[in-house]
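If you want the building blocks of each chain, they are given just below.
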Amino acid sequence: MSKNIFVYCEITEEGHVADVSLELCSKGNKLAKELGVDINAIAIGDKLDNIADEVSAFGVSKLYLAEDKKLFPYLNMPHSNIVSKILQEQKADIVLFGATSIGRDLAPRVASTLKCGLTADCTSLEIGDHYVKKTDTTYKNLLYQIRPAFGGNIIATIINPDMHPQMATVREGVMKLEPLKKKVKPEVIKIDVNKYVSKSDFAISIIDRKIEAQKVNIKGAQIIVAGGYGVGSKENFSLLKQLADLLGGEVGASRAAVDSGFVDHERQIGQTGVTVRPKLYIACGISGAVQHTAGMDQSAQIISINNDSEAPISKIADYNIVGSINEVIPKMIKYYRQNSK
Amino acid sequence: MSYRILLLAKQVPDTRNVGKDAMKSDGTVNRVALPAIFNPEDLNALEFALRVKDQRKDAEIIIITMGPPRAADIIREGMYRGADKGVLITDRKFAGSDTLATSYAISLAVKKLAPFDMVVAGRQAIDGDTAQVGPQVAEKLNIPQITYAEEFLGFSKNKIQVKRRLERGVEILEAESPVLITVHSSAADCRVRNAKRVMKYKYARTEIELQEAAEDYIEMLESRPYLQIKQWSVTDLKADVSLLGLSGSPTKVKKIENVIFTHKDSTTLSSSDADINKLVKSLISSHVIG
Numbered sequence: 019m020s021k022n023i024f025v026y027c028e029i030t031e032e033g034h035v036a037d038v039s040l041e042l043c044s045k046g047n048k049l050a051k052e053l054g055v056d057i058n059a060i061a062i063g064d065k066l067d068n069i070a071d072e073v074s075a076f077g078v079s080k081l082y083l084a085e086d087k088k089l090f091p092y093l094n095m096p097h098s099n100i101v102s103k104i105l106q107e108q109k110a111d112i113v114l115f116g117a118t119s120i121g122r123d124l125a126p127r128v129a130s131t132l133k134c135g136l137t138a139d140c141t142s143l144e145i146g147d148h149y150v151k152k153t154d155t156t157y158k159n160l161l162y163q164i165r166p167a168f169g170g171n172i173i174a175t176i177i178n179p180d181m182h183p184q185m186a187t188v189r190e191g192v193m194k195l196e197p198l199k200k201k202v203k204p205e206v207i208k209i210d211v212n213k214y215v216s217k218s219d220f221a222i223s224i225i226d227r228k229i230e231a232q233k234v235n236i237k238g239a240q241i242i243v244a245g246g247y248g249v250g251s252k253e254n255f256s257l258l259k260q261l262a263d264l265l266g267g268e269v270g271a272s273r274a275a276v277d278s279g280f281v282d283h284e285r286q287i288g289q290t291g292v293t294v295r296p297k298l299y300i301a302c303g304i305s306g307a308v309q310h311t312a313g314m315d316q317s318a319q320i321i322s323i324n325n326d327s328e329a330p331i332s333k334i335a336d337y338n339i340v341g342s343i344n345e346v347i348p349k350m351i352k353y354y355r356q357n358s359k
Numbered sequence: 003m004s005y006r007i008l009l010l011a012k013q014v015p016d017t018r019n020v021g022k023d024a025m026k027s028d029g030t031v032n033r034v035a036l037p038a039i040f041n042p043e044d045l046n047a048l049e050f051a052l053r054v055k056d057q058r059k060d061a062e063i064i065i066i067t068m069g070p071p072r073a074a075d076i077i078r079e080g081m082y083r084g085a086d087k088g089v090l091i092t093d094r095k096f097a098g099s100d101t102l103a104t105s106y107a108i109s110l111a112v113k114k115l116a117p118f119d120m121v122v123a124g125r126q127a128i129d130g131d132t133a134q135v136g137p138q139v140a141e142k143l144n145i146p147q148i149t150y151a152e153e154f155l156g157f158s159k160n161k162i163q164v165k166r167r168l169e170r171g172v173e174i175l176e177a178e179s180p181v182l183i184t185v186h187s188s189a190a191d192c193r194v195r196n197a198k199r200v201m202k203y204k205y206a207r208t209e210i211e212l213q214e215a216a217e218d219y220i221e222m223l224e225s226r227p228y229l230q231i232k233q234w235s236v237t238d239l240k241a242d243v244s245l246l247g248l249s250g251s252p253t254k255v256k257k258i259e260n261v262i263f264t265h266k267d268s269t270t271l272s273s274s275d276a277d278i279n280k281l282v283k284s285l286i287s288s289h290v291i292g
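Sequence lines, in order, name chains A and B.
Sequential numbering from 19 applies to the first sequence in my numbering.
Sequential numbering from 3 applies to the second sequence in my numbering.
No lab work stands behind these hints, which were simulated from the structure alone.
Some clues are possibly wrong.
In silico lysine to any residue, SDA-like type, Cα no more than 20 Å apart, as pairs [to be verified]:
#1 K151/A x K59/B
#2 K228/A x R170/B
#3 K352/A x H289/B
#4 K349/A x S272/B
#5 K254/B x T155/A
#6 K232/B x K59/B
#7 K232/B x A216/B
#8 K208/A x S79/A
#9 K59/B x Y82/B
#10 K87/A x I224/A
#11 K254/B x K208/A
#12 K254/B x K87/A
#13 K352/A x D263/A
#14 K257/B x A174/A
#15 K152/A x S249/B
#16 K257/B x P179/A
#17 K87/A x E32/A
#18 K233/A x E49/B
#19 K194/A x K283/B
This structure is a prediction, so every number in the text was calculated from the model and none was measured.
From just these sequences and the hints, can you work out the full model?
This is the structure:
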């Protein structure tokens, strides 16, 4: 039986392989080397001539292509039926999806069809064994699917001993994008789409698509990077946004920053804004007036970045970094990228 | 024939507002400090269902929840806000079910309530954040799904129109019934309790709750059938036990590590590379970030 790894390659609006999918090819390639198996990819959409080239630096052996103009934009049923059938036919052992609105829509449906397990939003994937004392059985080379659970308060390692394939979704930016030096074009296998989908799979139709920004939800954020008057300008707030995006958090602000027009009112934290209690609160250039701290002092951990080591915020912060945000934040970004898996 | 909407909802521990009191000194979760609540996105889903009902006066909303007996609380809460009926799926044999086994149990309850026009659920529950049960129920029912729904736009002849939230934009989808919809947190907040409905439904009870109730109470319930919350076990659902609980769950938890929140006194750091690197490393190793 083949033990191959499959990656579902998501296709962007512009017709390219999404970064998250290439990151998963990188990770999948490493896992495949460890297991001594091949890594294959599935791409579904319209006009996919460029895809074989785009995955060529990621060690993909076989690329399964389902091309048809009705397969773009993404629709759940046609895509899940195609993916499920390919995985069944090829007896896939590990399958990776991006934890995007497409991957998180598609993967559970595929898992239900294949009656296998699926672990959402993994932050790390490793290969390891599992011993069951009761039956004195050792399962070799399982996929350890590691993810936060219970609102991020525990880290769980999930395995699927018996029922395979082992499937996981991973958010963008979690795995490293590591193109190989040597590009090798994969063998392309074109799928006869009409054999894989039926008319009833198109029961839902897309009548419009448009770019529209989402409303902010800082109350629900686990990590908040907040800025005060000390951030200095609207432009400097983009630094905060970079850090927040990287950590999967949101940008917040003190009233002084909002009143200065650095940032929109909907991000205001404090007495006249919202009250937050995230896992981590990074206060940048915030002095720590009571009106602000009333809205965030219950955060589980607080880091303050401030030029003034005596600012009131230092009394409630777990860590006080004395320095300017223009110096400290780029360093945090750099070392996070270096140290995270 | 009324327009039947089935709402899948879950009672969850409130993991969102994990403040300092919600963590014990050893860094583990203090579950007592986390109240059991109506899963937030399931409330968005309830509002979605109520907005459908606003346009279809013949609609009825039935809440389905799976959990321990006390999960009946969220059925009552849903009734106060506009749901018509409720079903509690409860049985010790469900314990340890992962999303695949859970979706099997829920799909049986949904089939038992057929015919239906729409199944609505929150996108995901905050205790697991998997967003899997909705699509897996849809697959088992062999009906199409619309996930990440943000707004019910209305009926267009027999079809419904729904706005779906994506990373970079929105999609307007049109679907025939029956369809399963999961609702995103960016959708409208749920309307508040209605005082008349609270008076009407505050005595709604499941069978288990009735066993502890007084005699006169039971008489009142018999004369007012709308106060009976249905309660279904594995037997009622005619479920295959091997597909439930641990045996029906492909995923197993191998290991659990607690996220460590240290409450040391405040530490002052410089902006040097060494200091920042050390801080970031310690945040990653304690799982606060990464």
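Cross-check of the supplied hints:
At roughly 58 Å between alpha-carbon atoms, K151/A and K59/B are farther apart than 20 Å, so this suggested pair is violated. At roughly 9 Å between alpha-carbon atoms, K228/A and R170/B fall within 20 Å of each other, so this suggested pair holds. Restraint check for K352/A and H289/B: the C-alpha separation of about 18 Å stays at or below 20 Å, so the hint holds. Between the alpha carbons of K349/A and S272/B the distance comes to roughly 12 Å, so the proposed pair stays at or under 20 Å and holds.
This hinted pair checks out: K254/B and T155/A have alpha carbons roughly 15 Å apart, not beyond 20 Å. Straight-line distance between C-alpha atoms of K232/B and K59/B comes to about 23 Å, which puts the hinted pair past the 20 Å bound. For the hint linking K232/B to A216/B, the alpha-carbon distance of about 19 Å falls within 20 Å, and the restraint holds. For a cut-off of 20 Å, the pair hint linking K208/A to S79/A stands: about 14 Å separates their Cα positions.
For a cut-off of 20 Å, the pair hint linking K59/B to Y82/B stands: about 18 Å separates their Cα positions. Between K87/A and I224/A the alpha-carbon distance is near 13 Å, which keeps this suggested pair within the 20 Å criterion. Between K254/B and K208/A the CA atoms are separated by roughly 36 Å; this puts the pair beyond 20 Å, and the hint is violated. At most 20 Å may separate the alpha-carbon atoms for a hinted pair to count; K254/B and K87/A exceed this at roughly 40 Å.
This hinted pair checks out: K352/A and D263/A have alpha carbons roughly 14 Å apart, not beyond 20 Å. For the hint linking K257/B to A174/A, the alpha-carbon distance of about 6 Å falls within 20 Å, and the restraint holds. Restraint check: the Cα-Cα separation between K152/A and S249/B comes to about 14 Å, which is no more than 20 Å; the hinted pair holds. A distance of roughly 14 Å separates the Cα atoms of K257/B and P179/A; the hinted pair therefore holds under the 20 Å criterion.
The suggested pairing of K87/A with E32/A holds, with an alpha-carbon distance near 14 Å, which does not exceed 20 Å. Under the criterion of a C-alpha separation no larger than 20 Å, the hint pairing K233/A with E49/B is consistent with the structure, at around 18 Å. Only pairs whose Cα atoms come within 20 Å are accepted, and K194/A paired with K283/B is accepted, the gap being roughly 17 Å.
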